[in-house]
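Chemist: Got chain L sorted already, so can you dock chain F onto it with the hints?
Protein chains in written order, with the working numbering: chain L, 1 to 319; chain F, 1001 to 1298.
Hints were generated in silico from the structure; no laboratory data involved. Note that the structure is a prediction, hence the values are computed from the model and not measured. Even glycine gets a Cβ: it sits at the ideal position worked out from N, Cα and C. Be a bit skeptical, because a hint or two may be false.
Residues on chain F that point at chain L, a partial pick, calculated with CB under 10 Å [claimed, not checked]: (1) 1138; (2) 1140; (3) 1141; (4) 1143; (5) 1152; (6) 1252; (7) 1259; (8) 1270; (9) 1275.
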Amino acid sequence: MTTYIMRRLIQALFVLILVTLLVFFVMRLLPGDPILIYVAQSADLEGMTPEMLHKLRHEFGLDKPIIVQYANWVSGVFRGELGTSIFYREKVRTLMMERFPITLHLGLLALILGAVLGVLAGLLAAVRRGKWVDKVVTPLTYVGVTIPVFWLGILMIYAFGLKLKWLPIAGYTSPFDDFWLSTRRLVMPVICLAVFLLAANARQMRSSMLEVIRQDYIRTAWAKGLRERMVILRHAMKNSLIPVITLMGMGVGIIFGGSVLVETVFAIPGVGRLLVSSIFGHDYVVVQAITLVIAVIVLLTNLIVDISYGWFDPRIRYS
Amino acid sequence: MVEKDTTGAEFQDAQPLVSEWRRFQRVFFSRGVVMFGLIILLLFVFTAIFAGWLAPYDPYKPGVGKSLFQPSKDHLLGTDIFGRDTLSRLIYGSRTALMVGFISVGVGSIIGITLGVIAGYSGGISFMVIMRAMDAFMCFPMILLALVVASVLGGGIQNVIIALSVATIPGYARISCGLTLSIKENDYILAQRAMGASNRGTMLRHILPNAFPPLIVLMTTQLGSLILAEAGLSFLGIGIEPPGAAWGAMVNDGYKYLLNNPVLSFAPGLAIMLVVFAFNMVGDGMRDALDPRLRGLL
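Just chain L, same shape as in the assembly (with noise of 0.2 Å):
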């Protein structure tokens, strides 16, 4: 076991090297010269001298050789120090620190709703495949798997917003000002973005636990005549879970992915609107901050994923 996480430490590390290679000489191919870009947005480009702009440029480091630019971004990544906002004129830190708690705390809802509530779904049609439980959750899971999530949020804008009132239809408080508030401006952000991965969830639920229910296993544990819940919970849950976890991994991403799209319709002032808008804005420095941040959360999940995954399945360990 030992081996076998070190092995993958390695391989986790060898691969965060190429992602940081990758966000930094990608964001550095962006057309348009960026201190061009940041003059022109706050203040009148015909009032710079070449002098003033050689200034800007050497003091956000832009003057020097791109490797030197590199070592240097990796070592303030590593104090974490992300840099200074062409745009906002703020520490990256700082704007993080803002966006960051308020996309963790949409996420973290829509990882956990999708996760529970998909994994029930799937178990239940599972076991009572067939019959009306299963007719409602399966074709369920097909659209939730294919439905726009951004279309999906206007939809229930349109119903609950607009038309019911039930929900406010845009924007964010913190948890912490105004809880009732709170919850209910996130109820329709949340679900928007947990219907893929709830779906997902399900589907893979449902066809491992049919895959499971069929071992011999579990026919010893019904023929010693324990009762359905048992057979079920205890045995047959424990081993379908495990393709559900690889899925939990990816679902970080997904959740990521679906942020940026589900943060636009909603208007929600979290990392995925601040990267679009920063996109936009070719506000270089922010993108490759969000960018490597989110993929380094994705990279640790997946690296435990794995590591709890070669846990829960010996055979994984020695492949």
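Modeler: Using the frame of chain L, we list chain F on its own:
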């Protein structure tokens, strides 16, 4: 995973009782929902090809004094803010979806499969480098990677195609690498080596055909996800430039007039969903018909 085909290769002279193709047809066409998906797909492709004849109006020309019409006999789905017929734009939007989907899958799969087969077949350092690079790519959620690549390259539909192709490469590479690793353990590959066949020939003539069934299933379902991703990107305003029609962008345009004219947003979203659903269904049907053991793996 593909033992079925290896036995086929061993007994090439013996005629199977039921041909592979027959068996495929029987399973594939037996499920109603798969047939439903197939019909939607055919309609979708037909619409995209014959958009010029099907569309009742010019999808790009603004209609003076016809802004935001409700659905009526003349304009079945109403008109947008510029007075353009929504149905015509919807019909033309299918071209964007079809083009982006097919080209991205084509480019992404060719590059990804090549990398995956080379990594799996050669092993060693090239396996390490290729697969770790793919792992690095996979740390970025697909829409995020496409978003960043598209922004680096600038707007325009061709850059969205490049972005989405790049985003799909690691998926193909990973699957085809896994398939190659298991196929190359077969005796007929050993025989090829013993006979002194070239590596390239072995990969092209033996590994690739045997890895084909799962890959074609992946490509079909990928088409759906790519159309979904393209819709997401164009919803955010990346990709097709006005006055071009893309379903995602149409959803966003209609969003502003949700109370006056909800059809503007609802119709293109429904179109996206139907097409993605159709690709998923046909992919599932193909998977079950080609090799039921792939169920749960793809």
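Chemist: Using 10 Å as the Cβ threshold, decide whether residue 1275 of chain F counts as touching chain L.
Modeler: holds, 9 Å
Chemist: A closest beta-carbon separation below 10 Å is what the hint needs, so does residue 1259 of chain F meet it against chain L?
Modeler: holds, 6 Å
Chemist: Minimum Cβ distance from residue 1270 of chain F to chain L below 10 Å?
Modeler: holds, 8 Å
Chemist: Could you check if residue 1138 of chain F really has its C-beta closer than 10 Å to a C-beta on chain L?
Modeler: holds, 8 Å
Chemist: Given residue 1141 of chain F as an interface hint, is the shortest Cβ-Cβ distance to chain L below 10 Å?
Modeler: holds, 3 Å
Chemist: Using 10 Å as the Cβ threshold, decide whether residue 1252 of chain F counts as touching chain L.
Modeler: holds, 8 Å
Chemist: With a cut-off of 10 Å, does the beta carbon of residue 1152 of chain F approach a beta carbon of chain L closely enough for the hint to hold?
Modeler: Where the cut-off is 10 Å and the nearest Cβ of chain L is about 5 Å from residue 1152 of chain F, the hint holds.
Chemist: Under 10 Å, Cβ to Cβ, is where residue 1143 of chain F needs to be relative to chain L, so tell me if that hint holds or is violated.
Modeler: holds, 4 Å
Chemist: Classify the hint on residue 1140 of chain F as holds or violated, based on whether any CB of chain L lies nearer than 10 Å to its CB.
Modeler: OK, holds: residue 1140 of chain F within 10 Å of chain L, min 5 Å.
Comparing the model with each numbered hint stated earlier shows that all of them hold.
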